[in-house]
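Visitor: Spelled out, the chains give:
There are 2 protein chains.
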Amino acid sequence: MDFTHLLSERTGKMGASAIREILKVVGQPGMVSLAGGIPSPDSFPMERIKQLTDKVFTKYGSAAFQYDLTEGFTPLREVMAVYLSQRGIHVSPEEVTIQSGSQGVLDSLCKVLISAGDKIAVEAPTYLGAIQAFKPYEPEFVRIEMDEDGLIPESLEDVLKNHKIKFVYTVPTFQNPTGRSISLDRRKKIAEIIIKYGALLVEDDPYSNLRYSGDALPAIKTMAPDNVIYITTLSKVLAPGLRIGICVAPEVISRWMVITKQGVDLHTSTFSQAIAAEYVGGGYLEQQLPNIIELYRPKHAAMLSALDKYFPPGFTFSRPEGGMFIWAEGPKGLDMEKIYWKAIKRNVAFVPGKYFFTQAGEGLSTMRLNFTMSEVVVIESAIEILADVLKKEG
Amino acid sequence: MDFTHLLSERTGKMGASAIREILKVVGQPGMVSLAGGIPSPDSFPMERIKQLTDKVFTKYGSAAFQYDLTEGFTPLREVMAVYLSQRGIHVSPEEVTIQSGSQGVLDSLCKVLISAGDKIAVEAPTYLGAIQAFKPYEPEFVRIEMDEDGLIPESLEDVLKNHKIKFVYTVPTFQNPTGRSISLDRRKKIAEIIIKYGALLVEDDPYSNLRYSGDALPAIKTMAPDNVIYITTLSKVLAPGLRIGICVAPEVISRWMVITKQGVDLHTSTFSQAIAAEYVGGGYLEQQLPNIIELYRPKHAAMLSALDKYFPPGFTFSRPEGGMFIWAEGPKGLDMEKIYWKAIKRNVAFVPGKYFFTQAGEGLSTMRLNFTMSEVVVIESAIEILADVLKKEG
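Residue numbers (the numbering used here), protein chains in the order written: chain Z, 9 to 402; chain H, 9 to 402.
It is possible that part of the hints are untrue.
For identical chains, the list gives no copy identity; a pair is met inside one copy or between any two copies.
Straight line, CA to CA, 27 Å or less: simulated DSS-like cross-link-like pairs of lysine-lysine [as the list claims (entries may be wrong)]:
| hint | residue 1 | residue 2 |
| --- | --- | --- |
| 1 | K143 | K32 |
| 2 | K21 | K350 |
| 3 | K169 | K197 |
| 4 | K196 | K67 |
| 5 | K127 | K143 |
| 6 | K143 | K169 |
| 7 | K143 | K21 |
| 8 | K353 | K63 |
| 9 | K350 | K317 |
These are calculated hints, taken from the structure and not from any lab test.
Only chain Z is shown next, with the shape it has when bound in the complex (with noise of 0.2 Å):
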């Protein structure tokens, strides 16, 4: 039977899988990806993951693998709640929810926000799996500028002042896709902005930690604490197949996430969260975090010096000092979803830019590239092929 018809309206708005059909390639034998947002499991601690599950069952015993509240595992909230005011959040246990990812965290929040119609302002480009969290709930976007400093303050004002704003999303450190951070002295000026205007930020910062060089940048959090909702995650300090979000937002909205999240999965994984609370209250986090620093330091050198050395003139690239990613822009009118398909004959994957924006026609010339997942000499061959290919379509 063809049940077609009876999907909601939402669904056939939805359209999600234009990126899906393209990344399938990618899983091919020989394929060298600098297409993923994935850690290396070389960043995982599993000798520690290891130690601390058996410390789980002594300590927590069942209750390990009971249900627990919705809000989160008691024990990882107190200790997050620590750990969060170590970085200048400073926030009770009750105040942390934990949610099963940051993806988890923005469902959550656009189911208790959003109402069909309702206006988000989110930076162009911005995070592809927000767009895929915010789009089933039929929000319109509004594009805010950014530049190699981030988001541009007065163009979330302009944002603000013209249109009814839901909340404003933003990746300010080591943004997804572009790794572009926003400055120091940006970030006042968005926290003056937010305050005056009364608006809501959404603060999603999975990569802050990842910092290979220069000096680290507060939160926006820190500055507007009460106008902004901040979403952290351990996916790329500790591992992602734990699916452990962290969310600190103002009373009201976290109180409707929470019986939100109820009818969703009732909880994130019980044994997930009881492992993820030694870790950090373990201060084994803090012990980890170099040791990933050193395993990406290498990655991403290696990936700005071969763009450097290998990559057409009339391209830039982005110089982030940290994260996952560097964003590359080729001269206009280049179609880099037709270069994707000659790079994948040649066994190298990335993901055109494109996808990032939510208006079609944009991006069109951009490409996001991962150095994470690929060894230093991967990486170098990987950069020469692309640009070689480049250059026989330019």
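Model the placement of chain H on the given structure of chain Z, informed by the hints.
Guide: What follows is chain H alone, placed relative to chain Z:
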């Protein structure tokens, strides 16, 4: 800042917190709870889980902690396909998807199928968690009548004849909240009716493994495979904290549910799924099931005999052959929520039955009693106390 004005229209309509509020007192020290719907921690095969967790580290290594396919962890889909086939549901691994608990299945199902105002048909009473999953999508609930033999086929046919129904939702075996099972004869009729009307039926089957007497009943899915979305879970036969739900749905719906789930949580905890794969694949579910049944059988018997012995005349209750719940109904005019607060004062909790109905004013004199979480002697004394409260009220 108060961001109440930013809440979505659906949030305003959810109002899902009444039961949360009344159940808050259940956690008080000294309370005997017949309110929960949770398995006894004594049913968790802790030694086995520990052993299989160790095996996951050696067998899958870092892959058990990495991002994974939204559809589910391949080894788990493979063993679940075999498991379901043994129960008459013949599917390939590709047709099985893993979600974050049954709750996750219900959420993504609604996202894919329900536009505001669409009609879904539910038993009266029905599973509270399903109501909580459905409500944010703003459906209209159409009531199907049931009696001691479960959902009444004639009522279902009436509903399908007179309404445009997106799907029919039923828990056919040891229903939550009533404990009732749809008889074999009725299952056949229901299968015929949904085929005749080209209707979609959602069969939620968490409890059928927990049978203490009588003969197994085949899933409706086995009788109308094209028209049934089959949902089951490992929460009652392994451990709910792992959050593993299993779904078999028609292809077009399943595909959209996966795309939807990608936006909701990317995928279910890989580590949880790997443990589940080893548990089901190693035949340990079948090994553990008799232990769980022997654990619950005396509790089930104790509650039924205490009800027989102590409950006042004018009360009826279900006599299920399995599951986790018994449903009691008092004389018309009795306000079971009033009884609830009096029982709480005497340290016994249950769930007033009205919360399992989608329409206000229904089930006022009913209650759901859980027997899996308390010891036999505790069940006996709790029922005696409840009976005493009811007699004083009557």
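Visitor: All the hints need checking, so say for each whether the structure fits it.
Guide: Status of each hint after checking the structure:
no.	hint	result
1	K143 with K32	within (22 Å within a copy, 35 Å between copies)
2	K21 with K350	neither (30 Å within a copy, 51 Å between copies)
3	K169 with K197	within (15 Å within a copy, 61 Å between copies)
4	K196 with K67	neither (43 Å within a copy, 49 Å between copies)
5	K127 with K143	both (12 Å within a copy, 23 Å between copies)
6	K143 with K169	within (24 Å within a copy, 34 Å between copies)
7	K143 with K21	both (8 Å within a copy, 21 Å between copies)
8	K353 with K63	neither (48 Å within a copy, 39 Å between copies)
9	K350 with K317	within (21 Å within a copy, 79 Å between copies)
When held up to the earlier numbered hints, the structure conflicts with 2, 4, 8 and fits the remainder.
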